[in-house]
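Trainee: Single-letter residue listing:
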Amino acid sequence: MSGGVTNLADDFSCKTIDPNNPHGPRVDAIFPGDLTLRYWKYSPVRYWNLIAAKFVLEHPQRVFYGVREYNEGGWCYTARPAEWYVKENVVAAFPKNMVLAVYLNPNMRVYLCRAEFAAKDDPMCPVDWQNRYRGLVWKSTS
Amino acid sequence: MEKHFLEGKMAGKPEFRAEPWYNPYGDCIEYQLVDEAFVADRVDELLTIYRSVLDNRPIGFQIKGVQAIIRKFGWEGLVVASEAGAGQVRSVSVVALLLAAYETGPMTLGRRRAYAAVMDSSPKHHTIPADDLVPA
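Heads up: the sequence lines are chains A and B, in that order. Each residue of the first sequence is one higher than the one before, counting from 5 in my numbering. Each residue of the second sequence is one higher than the one before, counting from 10 in my numbering.
Rather than coming from a laboratory, the hints here were simulated on the basis of the structure. Please note: incorrect hints may appear among the correct ones.
Mimicking DSSO-like on lysine-lysine, the simulated pairs with C-alpha atoms at most 30 Å apart in a straight line are [to be verified]:
1) Lys19/A to Lys12/B
2) Lys12/B to Lys91/A
3) Lys124/A to Lys91/A
4) Lys12/B to Lys100/A
5) Lys19/A to Lys143/A
6) Lys18/B to Lys91/A
7) Lys100/A to Lys124/A
8) Lys12/B to Lys81/B
9) Lys100/A to Lys143/A
10) Lys12/B to Lys22/B
11) Lys91/A to Lys22/B
12) Lys19/A to Lys18/B
13) Lys81/B to Lys18/B
14) Lys133/B to Lys91/A
15) Lys12/B to Lys143/A
16) Lys143/A to Lys124/A
For clarity, every value in this text was computed on a predicted model and none was experimentally measured.
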């Protein structure tokens with residue numbers, strides 16, 4: 005990985021809904037070791053918000069497929085954690101008008117976790133989700 | 010807040026670094042000026058502005074589809090070559106990537122304003138080694 009980060013940290017996996025078989029057994033979502041190490045070293049707030057990302061993967065409310073126009077495949081899992089880090093060592097309630105989106109590539113590697121403004125028609129979906137993603141794979145009923 | 014699930018697995022001292030970097034898992038370039046939580050302000054398929062959740066100011070951006078941009082425009086025009094020791098190092102200009110991304114979409118006022126704002130905020134001479142741009 006760029007920026008002098010070598011892959012010294014191990015990958016970390018957690019169980020999440022299988023986007024190819026949402027009603028089947030859960031599968032591994034992987035936090036790549038070199039990515040988490042980069043966050044730890046150079047983006048502490050992102051590092052600490054991996055806690056919220058893991059929550060989203062373990063308790064997803066929506067799962068979308070086809071998240072990029074120029075890259076094949078990929079998934080977006082969304083949910084609303086109770087709190088997150090807004091600055092280093094500063095925890096706040098997660099904003100009511102936002103949803104946390106965790107993006108995974110086709111190999112189920114997490115590559116991004118970020119807040120998105122929530123859609124007006126469904127507060128668990130990112131705004132404009134109908135046009136941004138190819139489709140909704142799964143929706144929580146709880 | 011709960012204990013981090015990676016506690017004890019990280020080495021080194023954390024120190025925020027404001028520099029663009031290539032994320033091979035997402036085939037994207039990320040740049041963040043300050044270490045704050047942000048909300049995505051999606052401009053188009055290739056550019057997303059990061060706005061601080063504290064005061065909505067732009068604090069970074071993401072350029073997506075880097076491989077597609079390189080395929081479309083080729084290395085020429087994106088690469089800045091420099092001498093380093095005995096060999097030549099090829100680096101990709103972040104501003105050139107932004108310009109290429111802009112050329113890919115419709116020439117609307119909204120896009121022009123967004124791309125101009127991002128270029129104003131980004132370091133003009135930042136480059137990323139071409140060898141780093143390998144998707145995982």
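Trainee: Please go over all the hints and tell whether each is borne out by the structure.
Mentor: Hints, verified against the model:
1. Between Lys19/A and Lys12/B, the direct Cα distance comes to roughly 18 Å. Compliance with the 30 Å bound is thereby established for this hinted pair.
2. Restraint check for Lys12/B and Lys91/A: satisfied, since their Cα atoms lie roughly 17 Å apart, inside the 30 Å limit.
3. Pair hint Lys124/A plus Lys91/A holds up; C-alpha atoms about 27 Å apart against a cutoff of 30 Å.
4. Simply put, Lys12/B and Lys100/A have alpha-carbon atoms about 24 Å apart, close enough for the 30 Å limit, and the pair holds.
5. For the hint pairing Lys19/A with Lys143/A, the CA-to-CA distance comes to about 17 Å; that is within 30 Å, so the pair holds.
6. Taking the CA atoms of Lys18/B and Lys91/A, the gap is about 22 Å. The hint holds against a cut of 30 Å.
7. At most 30 Å may separate the alpha-carbon atoms for a hinted pair to count; Lys100/A and Lys124/A meet this at roughly 12 Å.
8. Restraint check for Lys12/B and Lys81/B: the C-alpha separation of about 45 Å exceeds 30 Å, so the hint is violated.
9. Of the pairs offered as hints, the one joining Lys100/A and Lys143/A holds, with about 19 Å between alpha carbons and a cut-off of 30 Å not exceeded.
10. Annotation: proposed proximity of Lys12/B to Lys22/B holds, straight-line Cα distance about 18 Å (limit 30 Å).
11. The hinted pair formed by Lys91/A and Lys22/B meets the criterion: a straight-line CA distance of about 17 Å does not exceed 30 Å.
12. A threshold of 30 Å between alpha carbons decides the hint, and for Lys19/A with Lys18/B the separation of about 19 Å falls inside it, so the pair holds.
13. With a CA separation close to 40 Å, the supplied pair Lys81/B and Lys18/B exceeds the 30 Å bound.
14. This hinted pair checks out: Lys133/B and Lys91/A have alpha carbons roughly 27 Å apart, not beyond 30 Å.
15. With a CA separation close to 29 Å, the supplied pair Lys12/B and Lys143/A stays within the 30 Å bound.
16. For the suggested pair Lys143/A and Lys124/A, the alpha carbons sit about 16 Å apart, so the restraint of at most 30 Å is met.
Of the hints listed earlier, those the structure fails to meet are numbers 8, 13, in rising order.
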